[in-house]
Amino acid sequence: MKEWVQIIDKLEEILNSNESFALATVIQVEGSTYRRVGARMLIMENGNWIGSISGGCLEGDMLKKARLTMSSQEVKWVTYDTRDEDPFALGIGLGCNGKIDILIDPSRTRIENFAKQLKLALASENGLELFSQWPLTDGEVFELKEFINPQPRIWVFGNQFDSHSLILMAKQLGWKVMWVGNTLKMSNEIKKLCFKVFDWDNFEGIQSSDLLVQMTHDLERDVEICSKLNEIPDVFYWGILGPQKRLERIKDKLSESQIMLKNGIHSPIGLDLGAEGPDEIAVSIIAEIIAKKNKRDAQPLKLRGKAIHEA
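So in this note's numbering the end of the sequence shown lands on 485, straight run, no missing numbers.
Quick caveat, the hints were computed from the structure, so don't treat them as lab data. All of these numbers come straight from a predicted model, not from anything done at the bench. All C-beta atoms, glycine included, are put in the ideal place defined by N, C-alpha and C. Keep in mind that a hint or two might mislead.
To be verified - Okay, derived cross-link-like pairs now, DSS-like style, lysine-lysine, Cα gap no bigger than 27 Å in a straight line:
| # | residue 1 | residue 2 |
| --- | --- | --- |
| 1 | 366 | 290 |
| 2 | 319 | 293 |
| 3 | 467 | 480 |
| 4 | 436 | 480 |
| 5 | 467 | 427 |
| 6 | 176 | 370 |
| 7 | 359 | 402 |
| 8 | 345 | 359 |
| 9 | 476 | 466 |
| 10 | 184 | 293 |
| 11 | 319 | 427 |
| 12 | 319 | 365 |
| 13 | 176 | 345 |
| 14 | 365 | 176 |
| 15 | 402 | 436 |
| 16 | 359 | 370 |
| 17 | 402 | 365 |
| 18 | 176 | 469 |
| 19 | 319 | 402 |
| 20 | 319 | 176 |
| 21 | 467 | 290 |
| 22 | 250 | 319 |
| 23 | 469 | 293 |
| 24 | 366 | 436 |
| 25 | 467 | 345 |
| 26 | 239 | 184 |
| 27 | 359 | 239 |
| 28 | 273 | 476 |
| 29 | 402 | 345 |
| 30 | 436 | 467 |
| 31 | 184 | 319 |
| 32 | 273 | 239 |
| 33 | 238 | 250 |
| 34 | 425 | 366 |
| 35 | 273 | 250 |
| 36 | 359 | 293 |
As the list claims (entries may be wrong) - Taking CB as the label site, the calculated pair distances span:
| # | residue 1 | residue 2 | range |
| --- | --- | --- | --- |
| 37 | 284 | 210 | 13 to 23 Å |
| 38 | 466 | 312 | 41 to 51 Å |
| 39 | 434 | 464 | 51 to 61 Å |
| 40 | 437 | 468 | 15 to 25 Å |
Sequences and hints are given; from them, build the entire structure.
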């Protein structure tokens, strides 16, 4: 997700300039590859790039080939087959055991159209299907359909210092952060990382695909927040910091007002990592959310017993 945001930001900067660039797209894979179909790498004429099409072993060679397409202004199809027993058969060290096909496109028009579609998908509530076409040298046309999920939006309720760790990590992943708390007590530096900041009583705009994390360290405040959130149609993820007994106390408090708290709330929040301290707790919360988003059970990969990525 972070790559998508960075690519859009860079394209908005350079599409109105005279700078040449190309967009490399993973279009087909077989076997074990670091990136999957749809991965992109935006390459600028000065040699800088954003995104990736491998774990670092193909990017240098891709840079050279992309510069050639900038000169010819023709789409180039590149295949890397890492299934050969000789890991240096292509002149570069490769760590995977698979085949990857990549299209390098220098067309400003096609790249601009892709950027517009991507921006709409990321800003949508439920994601959108993108459709791309490339003309090949033999007169054929290659087509790619892919589904782009919306940019995750996480709501962090609470302005204690442990909220900083969660906000920093979410921002690092390219998520949009909505911060709710006492705005007078919020760190100005952390505020700058947030998409929106709300005071306790005026938050609004929660969507069904949003992620809600309560970490107020204040029981009465959590009861108030739960009362408001309970009125909102189901959201994708809702978690509350604290032990199970604390959640039961919140439920008891709400029941006094004839409010039955929804099922499915994650509390205690996060995966069982034995996390200690704000940073590790933030890791466990983020990990639980990612596992839910990807419909995984968060077990060790060595126990998965099948391909890491679904076909």
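So, going through the hints one by one against the coordinates:
no. : hint                  : result
1   : 366 x 290             : holds, 26 Å
2   : 319 x 293             : holds, 16 Å
3   : 467 x 480             : holds, 19 Å
4   : 436 x 480             : violated, 35 Å
5   : 467 x 427             : violated, 31 Å
6   : 176 x 370             : holds, 18 Å
7   : 359 x 402             : holds, 22 Å
8   : 345 x 359             : holds, 20 Å
9   : 476 x 466             : holds, 19 Å
10  : 184 x 293             : holds, 12 Å
11  : 319 x 427             : violated, 49 Å
12  : 319 x 365             : violated, 37 Å
13  : 176 x 345             : holds, 9 Å
14  : 365 x 176             : holds, 19 Å
15  : 402 x 436             : holds, 12 Å
16  : 359 x 370             : holds, 16 Å
17  : 402 x 365             : holds, 23 Å
18  : 176 x 469             : holds, 20 Å
19  : 319 x 402             : violated, 39 Å
20  : 319 x 176             : holds, 21 Å
21  : 467 x 290             : holds, 25 Å
22  : 250 x 319             : holds, 19 Å
23  : 469 x 293             : holds, 25 Å
24  : 366 x 436             : violated, 33 Å
25  : 467 x 345             : holds, 17 Å
26  : 239 x 184             : holds, 21 Å
27  : 359 x 239             : violated, 52 Å
28  : 273 x 476             : holds, 23 Å
29  : 402 x 345             : holds, 26 Å
30  : 436 x 467             : holds, 20 Å
31  : 184 x 319             : holds, 23 Å
32  : 273 x 239             : holds, 18 Å
33  : 238 x 250             : holds, 12 Å
34  : 425 x 366             : violated, 34 Å
35  : 273 x 250             : holds, 17 Å
36  : 359 x 293             : violated, 33 Å
37  : 284 x 210: 13 to 23 Å : holds, 21 Å
38  : 466 x 312: 41 to 51 Å : holds, 44 Å
39  : 434 x 464: 51 to 61 Å : violated, 30 Å
40  : 437 x 468: 15 to 25 Å : holds, 22 Å
Violated hints, listed in ascending order, are 4, 5, 11, 12, 19, 24, 27, 34, 36 and 39; each of the other numbered hints is respected by the structure.
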